[in-house]
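Residue numbers (this note's numbering), protein chains in the order written: chain A, 1 to 445; chain B, 1001 to 1272; chain C, 2001 to 2272; chain D, 3001 to 3412; chain E, 4001 to 4344.
Check before you lean on any hint, since a few could be wrong.
Straight-line C-alpha distance at most 30 Å; calculated DSSO-like pairs for lysine-lysine [to be verified]: (1) D:Lys3310 <-> A:Lys13; (2) A:Lys13 <-> D:Lys3149; (3) A:Lys169 <-> E:Lys4128; (4) A:Lys13 <-> D:Lys3311; (5) B:Lys1163 <-> A:Lys439; (6) D:Lys3149 <-> C:Lys2159; (7) C:Lys2113 <-> D:Lys3305; (8) C:Lys2147 <-> C:Lys2257; (9) C:Lys2113 <-> A:Lys13; (10) E:Lys4128 <-> E:Lys4049.
Not the full set, but computed from the structure, chain D residues with beta-carbon under 10 Å of chain A [unchecked claim]: (11) Ala3058; (12) Leu3118; (13) Ser3293.
Worth flagging that the hints you see were computed from the coordinates, not collected in a lab.
In this text, all values refer to a predicted model and were calculated from it rather than measured experimentally.
Heads up, the beta-carbon is just placed ideally off N, CA and C, and yes, glycines get one too.
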Amino acid sequence: MTDITSDITSDVKPEISPNFHKSAFAEKRLKARYGREMRFRWFGRAAIAMAMGALLWLLVSLVGTGYTAFRQNFMTVDITLEESVLDPTGARDAQALRGANYRKIMQDTLYAQFPDVTERRAKQELFGIVSASGATNQVRQMVFNDPSLVGQTITLTVPTSDQVDQLLKGYIDRDLPEDRRKVTDQQIEWVDTLIERGAIKSKFNLLFFTNPDSSDPELAGIGGAVVGSVMILGIAFILAFPIGVGAAVYLDEFAPQNKFTDFIEININNLAAVPSIVFGLLGLAVFLNFFGMPRSIPLVGGMVLALRVFPTIIIATRASLRSVSPAIVDGALSLGASRVQAVFHQKLPQAGPGILTGSIIGMAQALGETAPLLMIGMVAFVTEVPSSITEPATALPVQIFLWSDKAERAWAERTSAAIMVLLVVLICMNGFAIWLRGKLEKRRS
Amino acid sequence: MNTLSKAPTITRSGDASLENARTKFQCRDVKVHYGDFEALHGINIDIPDRGVTAFIGPSGCGKSTFLRTFNRMNDTITGARVSGEILMDGQDIYAPSLDPVLLRARVGMVFQKPNPFPKSIYDNIAYGPKIHGMTNSKAELDELVEKSLRRAGLWDEVKDRLKLSGTGLSGGQQQRLVIARAIAVSPEVILMDEPASALDPIATAKLEALIEELKQNYCIVIVTHSMAQAARISDKTAFFHLGDLIEYDTTETIFTKPSDSRTEDYISGRTG
Amino acid sequence: MNTLSKAPTITRSGDASLENARTKFQCRDVKVHYGDFEALHGINIDIPDRGVTAFIGPSGCGKSTFLRTFNRMNDTITGARVSGEILMDGQDIYAPSLDPVLLRARVGMVFQKPNPFPKSIYDNIAYGPKIHGMTNSKAELDELVEKSLRRAGLWDEVKDRLKLSGTGLSGGQQQRLVIARAIAVSPEVILMDEPASALDPIATAKLEALIEELKQNYCIVIVTHSMAQAARISDKTAFFHLGDLIEYDTTETIFTKPSDSRTEDYISGRTG
Amino acid sequence: MTNFPVYILALLGLCMIAGFFVNRNTARTRLIAAGGGREGGWHSQASYHGFFTAWGVAIIGLIIFIFGLNVAPDDAGVGFNVAWLAALLAASGAVVIGAQRFIRSDFRARTYVERAILAVLVMLSIIAVLTTFGIVMSLAFESWRFFQKVPLNEFLFGLQWSPQTALRADQAGSSGAFGAVPIFAGTFLIMLVAMLVAGPIGLMIAIYLSEYASPRTRSIVKPAVEILAGIPTVVYGFFALLTVGPTIRNFSESLGFAVPTQSAISAGIVMGIMIVPLISSLSDDVISAVPQSLRDGSLALGATKSETMKKVIFAGALPGIIGAFLLAISRAIGETMIVVMAAGRAANLTANPFEAVTTVTVQIVALLTGDQEFDSAKTLAAFALGLVLFVITLVLNVIALTIVRRYREQYD
Amino acid sequence: GGDTSTPTANTPAANTEVPVQQSGNEIRIVGSSTVYPFSIKVAQEFKNKTGYNVIVESTGSGGGHKLFCDSPKLGTPNVTNSSRRQKASEFGKCMDAGIEGVVEVKIGYDGIVVANAIDSPVIDMSMKDIYLAFAKNVPIDDNCTMGPNPYTRWSEIEDFLPDYRIEAYGPPPTSGTRDAFVEIAMEKGAKEIPCLAEMSKTDKDAFKQAAHIVREDGYWIDSGENDNALVQTLTNTPTAVGVFGYSFLEQNSDKVKGAKVGEAKPTFENIASGAYPVSRSLYFYIKKDHVGQVPGLQEYALEFTSEAASGPGGYLEEIGLVPLPDAERTKYRKAVVDMIPYSQ
Ligand SMILES: Nc1ncnc2c1ncn2[C@@H]1O[C@H](COP(=O)(O)OP(=O)(O)OP(=O)(O)O)[C@@H](O)[C@H]1O
Ligand SMILES: Nc1ncnc2c1ncn2[C@@H]1O[C@H](COP(=O)(O)OP(=O)(O)OP(=O)(O)O)[C@@H](O)[C@H]1O
Ligand SMILES: [Mg+2]
Ligand SMILES: [Mg+2]
Ligand SMILES: O=P([O-])([O-])[O-]
């Protein structure tokens, strides 16, 4: 640069002439312009950094609160199944055994661990170490399945209560004054003793994946919600896929160019951008109130979400139909194929992967939808993993919404863990779609 | 303007082999409109059976448009309308009773850019016979595929990779593949719209040799922008200009003593 | 192959007005690669200051590629690499110390398709002077805009609608607008890549008249596919073929007694 | 609901398949006897005669199915079901046998089958219209009832939102103020915060990725941004409630003023993050659609890349970018879960983003989850809000889509 | 449809297998958000003991009654929870819809507490203070001319109350908690003002208007009752108070604390003894017709009313339910065993 300007050294603004660009003035100005260039570039980098930072923040905060939910503290105890408590008549009737007082068995088991505890309040606290519901139910199931166990002593590993679990995971500060935490000093002492004895141990939390929802955080799982989501997605796909592909094929290949076609087209583009809660209102007004279908069932959820995603599938299908060379249809027509044959035999298969990509993205979108499901009553507490599409169920995102609203610390952990599961599935779906698209682009070029 | 189209020249030809040729297509006052635009202004021409007829003319003169009237591919273009009469073997191909789908099986077409289906070579050929139910067994179909590929001079090059994709072939091979595909449905006519324009000289030579052979059995109509090619392979040549058929005669006549000055200007390279 | 490029022919010219012309660009063994593909195989040429130099040659021979080396527009193409030496007024424009931004202000360019910015006519012209900080006041800028438009012969046609969008002009007006835009930053050189190919004959004539006038003050290098145009407007002509400079001489010599048979074949229309 | 109708449907499917095969084989035999398809002069191939039969079975079968559903008594027992099933089987059989009369060389089975396919395709396309129609009707009907109770101008211009009408005869009725201005203001405020976050970031990402980034950077950043687009909004809501809200609160406390956990700012920021990918990918499309010749033109005048970007490309892409922003705004207005979880329900009429506000979608959820009384203005208000929301987003979407589409065509 | 229900399925003891549930025959429960935690706890225990599927939706008491009384058909809610007694109007709806026999079950008590963050200063108040702080209109002179509530800070009501802006997060009008709060705390508070006490005798409607309407000028903010956001808001806004059920306070005793109302603190014992003035009974209602048609329905009610659940020391007490006195427990237990419908 220096040699270009060597002939002109003045710093003042030169006359407009070809020499202008060789002047020191221009050179100096150039520096400032490059400064702006650099700053602009840094804005871009900063924007990317912010977006990536937000993503990272979100993921880190989720994983940070949620990863501990995948492990849980369990207590291993020897339980004596007193016949006098469980089956005073000795009939060994399974159904009666199921309703027996296992709570007392569990209480006695715990009291036996610390025989010197006698006071009523203290006994209650002691029992609070294990998950009352979880432990009793576990014993109940064992006896129900094998009534011959009555009278024997069995060794069982039962979940600890959520408070103890949180304590052991370090979420409850032992140094706080006693009235500021929900675990008493006594309980801490017992738990420490039990750990020393090797009775309480942390293990992988399989229950989280298999259990339905529960009122107790230590027993709550995403099993029911996952099954509900799978059903909803299945129905949405079965309905939305044919509608989406069929409508797209019609609009792209067969529809006459007229006002009505334009109208349909505007409709579809608009539907893809209508807020999802409006679809919930539609479902509420049409499926529940008008057709009188039951609340909370996956069938209705799937139908609402099918309406939600079919425009997305139409748009994706049309894009991929358009990317197929029309020469292929001409080729088929020139062989004496009808237009329907040409489209279905030659064009659709070629557009297949693109359609699939669009559908996967649509389904991923459906998997995360929450608001419409709230409108049709899918916010229920369901004690069972649903087994048919007309049985009440929740969906994973709704379960997340329900849990996120609960105040105890243990729920936050589980909510984050459920989100992690949801995100892994979504990222897999989207990743697969992106991979498919990449493969496709490569094949075309 | 239509110096010659009013009086079809087929019988004026001095070529002995053509004089006895039957007429395949008789076109009477064929006009094509795209919306309000008249792309062809009333063409009268008789295309002989067997042999090669070439359409030449400057870009946009309506060669492709006219070619596509023979198998009603214009039907697929929104806004395109054909009027006048085209008789194929004496039968009006625009008659309402005639199913264009069946017509296209009888009048095959090869396009400017080879357009094999994104399927295996075998399936490319087998597609037509399958939709027309032309074979009764797998063995028959195999035989038909082989025969078609042989006639298109492609068999030896692809016989070991019939399962591979047709789009993986070279341009020249692809063009022969689509010709084989057209032959497989046993058409009577093959229309070709600038079939060599995407090919290199060697592939073009192979294609021309193939056309040379096919003309024994088919009525071939070819659009080409290369004068030399028209001169090499066609028996008769029609020169179009701005939607009119200017001159139609044996290829020799057209290239040696054209009767219209526009034809002469065009073939000598002065216009176009 | 480079019959002439090894010995630049500038001094051999018999044209008096050119003999005293200063050399603007000296190119030594300029090669351009696109990735692995060598588009230019080592070009040696001297472009004179003032006057019009035309590059001709068949499509894909590298004319545009070479033209873009003069203002380093090739820098913007990923994968393009330039080697060899190009001196502008004796200074290496590919020297690391040289800034392409200022170089491009000195070497303007006009493209095949007119590409006015989607802004007003006024802003189209004012854009360059503004980014270079060439004027101190609105009045000065107005004056500069007017002057540039006048020199491009567009002033009278647009002076009443300076605020209207530049994209609303006709093709020929747009092409003159982008020339005015280039002039406004006071370049020393104007490169033109087939500037008339998108224009009708009348617009082309206007453009050629403009070039005729501009060549008094600028070094103009023009790529054209029209032999006639090159013959009409250029002082010197370079013929490229397959990435080589085949022949470079005064336009008269090239068109009347070309020394290479390929040049002759090309200008007589036998190849290309 | 019992599962029997599902079995009937499945059986219908089986009947269709059976009908297809029976008559395809019949046709094939006759075809071969005639000397093969085209040679034998048959219009349609064997499989189309099969399809023709299958369609016939489908139509008759569906009629029987729907008829059966509607006449089924409440205590429909085995007897009814057997009759239903028998009717279906008999009708299918009759169709199959009847269709065999049509297996002739001149019968245009393919034409009919294709017409039926087209008819189905048309119906599928009309579902889109029906959906919109359904939305409009379901919203309009309830809204109309709402506006009989609450005057439109009070709803649109009233400054107080407190949907507390008495739900029962014996409840002390409160005033029940249905002035929607505070909730529109809240919606707008959050949307504004979201756009202030997402607009610049999304746009700069689009610019950087399309003009500056190396293919490698692009291949990493683009999918990562797409992940942001794929995260369900309930997750964003949780993030806002549990992480962003408290962070902002702690930060503001350290500065000496108090921002509630649920505030317009935290909901807006998180919504902004959610919208970034929408803006960046739409703007990316738009910027890439600006022809290279404009970039070349600017660079050839000695402009730097950023000058080219800011003064030429941006000017060219502006309509498209406006379209993208409008779509993003419509998305922000309709977004539900984030605001439900992070914005609060207090209908404050404020322009201060550090306060809690409520939005249209929050109110819809609040009014419709739980207590519903379909003749009380309180419940109907949800539909009126839904209608307004639908109309606003409809207008925004149509404008945006038109701009974007026209813009794309401009350079085609 | 109910065509598949088997008569044997409602006697679980006869069946050693887990009963097969037909869709549409699961037990559907709607209603109060206050009762919801108890209800799902019982549902879960019940499911474990018997295998029956129970679905509980929290719709608020008002919403629950509405859904419940809509239709007698199977598939509609079998049970509705309520944090107040069913209103005459609601009962009338049930009857009009053709529901033959609604069994009322009272399950226990719950206090309504005014609470704030555990670190904030105590705001002990009288019911009159509550009335003056939250009513829409209050007397502006001794003759009970009513005017818009002028109080913006606690200290304006009583000098010893803190000088905080009044800011209360409380239940929305659809909730039974709100009804109970209005009918107990505000009404009693109003009656502590002489002229209003007078009015309550002479002009009932005017008194209702004066006492039952909660202010809408931003000092009372409708919010959810059992949610994370409420606890967060209270912990982060030391000056704010929340109004919700005692059970929720109990669950979050590490973060919020209840204020004294009148003389008593909201503790388990004080609510049980009635010393804490603002408490109400919790109920659920069953459709009698559905018993026998919906397998497990009666058993669910039996589980709820069992000593192990809602008795003293039962598992519901652990999550904050205050048990009924012995006599009442026996009475409602009997109502469930014999399915005795109630009338208003
Ligand atoms: N689909 C169409 N819609 C409207 N006009 C058309 C269409 N196809 C062709 N045309 C017009 O009809 C005229 C004839 O076109 P045609 O394609 O037949 O020319 P051609 O002789 O084949 O030219 P080329 O040598 O360039 O292929 C042209 O003016 C063209 O612009
Ligand atoms: N961006 C690019 N990447 C790769 N190869 C390129 C690129 N641009 C041009 N080429 C190749 O370089 C060679 C020269 O191209 P160039 O555009 O310079 O030819 P040209 O003489 O201008 O042709 P035309 O008259 O068609 O414009 C051609 O083979 C072309 O394919
Ligand atoms: Mg053509
Ligand atoms: Mg070029
Ligand atoms: O939900 P509620 O218990 O307040 O009616």
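Verification of the supplied hints:
no.	hint	result
1	D:Lys3310 <-> A:Lys13	holds, 25 Å
2	A:Lys13 <-> D:Lys3149	violated, 74 Å
3	A:Lys169 <-> E:Lys4128	violated, 46 Å
4	A:Lys13 <-> D:Lys3311	holds, 24 Å
5	B:Lys1163 <-> A:Lys439	holds, 21 Å
6	D:Lys3149 <-> C:Lys2159	violated, 62 Å
7	C:Lys2113 <-> D:Lys3305	holds, 21 Å
8	C:Lys2147 <-> C:Lys2257	violated, 41 Å
9	C:Lys2113 <-> A:Lys13	violated, 35 Å
10	E:Lys4128 <-> E:Lys4049	violated, 48 Å
11	Ala3058	violated, 14 Å
12	Leu3118	holds, 6 Å
13	Ser3293	violated, 22 Å
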